Amino acid sequence: MLDARTLQQLTDIVGADNIATGAQDLICYGYDATQMEFLPDAVVHPESAEQVSRILQLANKENVPVFPRGAGSGFTGGALPKGGGVVLVTTRMNRILRIDTDNLVAEVEPGVVTETFQMAVEKLGLFYPPDPASLKFSTLGGNVAECAGGPRAVKYGVTKDFVMGLEVVLPTGAIIRTGGETVKGVVGYDLTKLLCGSEGTLGIITKIIFKLLPYPDSKKTMLTVFDSIDGAARAVSTIIKNKIIPTTLEFMDHATLTCVERRFNLGMPESARAVLLIEVDGDRDLIEKQAGQIHKLIEPLGLVQFRVAKDAAESEELWRVRRLVSPSLRDVNPDKFNEDIVVPRSKVPDVIRRIEVIQKRYDIPIVNFGHAGDGNIHVNIMIDKSVPGQLEKAHEAIKEVFQAALDLGGTMSGEHGVGLAKQPYIPLELNADQITAMKAIKAALDPNNILNPGKMLP
Amino acid sequence: MTKKQTDPLERVAQEMKKCVKCGACRANCPAFGTFQREPATARGKVALAQHLVKGDITLDDGTYSAMSKCLLCGSCVDKCPNQVPTDEIVIAAREALAQRRGLTTFHKAVGQVIKNRKLMNFGALAAAVLGPVFFRKIPSTSGLRLRFPMPFLGGSRHVPQIAKKPFMKRHPEIIKGEPGKPTIVFFVGCMTNFVYTEIGEATLALFRHLGCTVIIPQGQQCCGLPGMSGGDLETVRELAEQNLAAIEKHEADYVMTACATCGGALHKLYPLVIGKRNPELKARLQAVADKTVDAAVLLQKLGLHPEETGTGQRMRVTYHDPCHHRTAGIAKQPRTLLTQTPGLELIEMDGADRCCGLGGTFNVYHYESSLDINAGKSKAIIDTGADAVVTGCPGCIMQLSDGLKQAGDKTRVLHTVELLARKIRR
Ligand SMILES: Cc1cc2nc3c(=O)[nH]c(=O)nc-3n(C[C@H](O)[C@H](O)[C@H](O)COP(=O)(O)OP(=O)(O)OC[C@H]3O[C@@H](n4cnc5c(N)ncnc54)[C@H](O)[C@@H]3O)c2cc1C
Ligand code: SF4
Ligand code: SF4
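Line by line, the protein sequences give chains V and D. Letter by letter, the first sequence follows residues 1 to 458 of UniProt numbering. Letter by letter, the second sequence follows residues 1 to 426 of UniProt numbering.
Next comes chain V alone, as it looks inside the complex (with noise of 0.2 Å):
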């Protein structure tokens, strides 16, 4: 519990009209995208990185533990305030500073919606490929501290692949930079790409410096459709192995297709089993003809159905099939548990078949699909909690899952992070030495243990 002296100081840092300790206000930003809820005792909007620096040298005089958060968009429980303590949103500070068309270099502040930024640099021409689907909504900073991807992953890499620099306020109030705005650099640890990814356990992001790139000239998009799991993953690993890499290679397995199918009726082959989206981009006359080579080389791989979009409304046509998987599932049973394993691409239809014996066993629907160009597979074990047993049989599967993707050289976790949601199954991917290492790096930075306590690591 905040008591009146600390939160009159925290008002003096941000001043009256961003601090709420209202019930309104501890409620709405209780929750996130796990549906888990755990109320602070205040909520901080700080407009800079002074601010900032500020509440955590209060915080570690005062002992309260704070909790960075974005737009609340994560699935793994990062932003929320468990145990209680302050939120501090970095909403307000969600200007972009600058977008340097000579270095194809952009500096943001946190809070600055992934979409906002992607349309202010399409329109000088350049391009910042990470593309997770909540860009509508999610911030910079939760993009960076997640190290979200999306499925423009195959060919660019994801969020860490664009950052250069960032400006942190280090858990106990200091304000540093790391990296910078050169292509090389090799001074010191790289403390940029460890708190890429570090869900906002050791450090608030206030700045961000981005690598851009120039917007490609045009993009293609293709439906192919295929009778078995083994001939879309075989189409994925033969056009890689052609040194074709395409932008975006989506999948969706047959248990998604029949959501799909169920729900609107788009008139999918009979025999369709899997469904690959496959995006190339680039130079036009080279996307024509990896279109066609692309068509040639799947061809013998059981394809059932290949659709080219002739112009960007087909696209989106073929794209909505895509993106009518997550309303359609709710068809299936109310709640979701939504993991998303990654597993060598190669290893696709091997986990995919792992996951139907753990289906049948426990008697629970499962539904994968996801961005097969780099093995991350969204599984989704659809439950209804108010069925007496099955969330504990949907815990046991989850960690079945999991257990599959190791064994098969993979990892728990490509996007979401561990946050609250996966942090008990955390010492099934990693051995005690690695989590050792890990504490004593988090010990070292927030010795104090204030800044997103109980998060990540066990």
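A portion of the hints provided could be inaccurate.
Stated by the list, open to error - Simulated DEER-style distance windows between Cβ atoms:
1. Asp-61(D) with Leu-194(V): 44 to 50 Å
2. His-295(V) with Gln-313(D): 39 to 45 Å
3. Tyr-215(V) with Asp-350(D): 15 to 21 Å
4. Pro-214(V) with Ala-287(D): 57 to 63 Å
5. Glu-288(V) with Gln-313(D): 43 to 49 Å
6. Ala-287(D) with Glu-299(V): 52 to 58 Å
7. Arg-307(V) with Glu-280(D): 37 to 43 Å
8. Arg-98(V) with Asp-350(D): 18 to 24 Å
9. Asn-448(V) with Asp-60(D): 33 to 39 Å
10. Phe-264(V) with Gln-36(D): 45 to 51 Å
Derived by calculation from the structure, the hints in this document are not laboratory data. Here the structure is a predicted model, which is why all the values come from computation and not from measurement. Even glycine gets a Cβ: it sits at the ideal position worked out from N, Cα and C.
For chain V, the structure is supplied; the task is to place chain D with the ligands on it using the hints.
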């Protein structure tokens, strides 16, 4: 029935469960856009409503205030992957709050505006100077009064002139057309009746041009939506019943409105909100809803040739989508009519389908925020360089005119039907 079952929030409790708190609704919510705080988002309002149902937040001003920060524009519903009807939930929450604390205390939310000195100063002045003039001619049951529950008629706000003679007083109840042509009930709405009578005249002229019989039921009242946005569902129900009776008195092929808000009420909100509370009325409301159609949509359907009736002069226009059109999927039809009109050039603005900031009584309770939303809209309009902004809702027309005038801009604000009826109305 127990009290709990009759609680308006109980009716939408199932719908609330659909919300997974993903945050997608942050993207398009104009209220969140201006307040920049989570309780103003759709997700926040659903969470608060859920806590209200559980009975674990006290009904203090904070809850009123949060629920009042919604324009009922429905863009969250359009974009929500789980189709959570936040607008309906907000209406239920407002009603519940009004019921539990009494309607007058609902105005405590208004009280927060009074606390704001800047608003209070010109608000009081405006009330004294403009109030009597503005309201003299308007009956107390009119939606216009509900829209401006006073005394916040802002001093800097540009208030439209009240017509010398209301539209409905100028015409007989039934205007006979050619035999064999459709019969249309015209639901006029307050803004058209009292302020923008030219919209009524243009609508009438167009349907007469097509040979239709037009019926203007004399018993029709305000659609009641401003009351809905204040949580006064009792008043809305009464008005809905009166309107229903007035419309049902006549045999007609269509019930037509030239106001997106009225259309939204007849077409969607009556059956949804009033119908849910009142099963006896439901079928009747639905029957009217099924016949309800927007003027532009009906004109296109009946085969209007804009080259015969349209403006005849060169003009660059941009089109603003009223929220109650967007949520009903009306976007193409008015644009098609405009582009078919010789001499008109349509230039799309940035965010044409974004709310103008009126939102029922929102612009009264939250005048500054409403201005803020409106300012973004004005900028988008001005940036197109168009001579006029065209839309299908008199409420939007008032808000857009206010915004543009405050920005010192001379872009004209017109209703689609006005442009389409130019030649036949001299
Ligand atoms: C519908 C939907 C689709 C999604 N799709 C994807 C996807 O395709 N790919 C993907 O990777 N993720 C996805 N996500 C997850 C989520 O959107 C991302 O993790 C996103 O990056 C979170 O951003 P946020 O601003 O909402 O952060 P929050 O949820 O507010 O916070 C996330 C974490 O970041 C920390 N944090 C936030 N800001 C800062 C800061 N300035 N400094 C330090 N720490 C900070 C928080 O403490 C927390 O641990 C999706 C989520 C939803 C709801
Ligand atoms: S209302 Fe819809 S979009 Fe908003 S958080 Fe809930 S489920 Fe997501
Ligand atoms: S109806 Fe409009 S203003 Fe209200 S919550 Fe939804 S998007 Fe926001």
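Checked hints:
no.	hint	result
1	Asp-61(D) with Leu-194(V): 44 to 50 Å	holds, 45 Å
2	His-295(V) with Gln-313(D): 39 to 45 Å	violated, 53 Å
3	Tyr-215(V) with Asp-350(D): 15 to 21 Å	holds, 19 Å
4	Pro-214(V) with Ala-287(D): 57 to 63 Å	holds, 59 Å
5	Glu-288(V) with Gln-313(D): 43 to 49 Å	holds, 46 Å
6	Ala-287(D) with Glu-299(V): 52 to 58 Å	holds, 55 Å
7	Arg-307(V) with Glu-280(D): 37 to 43 Å	violated, 51 Å
8	Arg-98(V) with Asp-350(D): 18 to 24 Å	holds, 22 Å
9	Asn-448(V) with Asp-60(D): 33 to 39 Å	holds, 35 Å
10	Phe-264(V) with Gln-36(D): 45 to 51 Å	violated, 35 Å
Checked against the numbered hints listed earlier, the structure breaks hints 2, 7 and 10; every other hint is satisfied.
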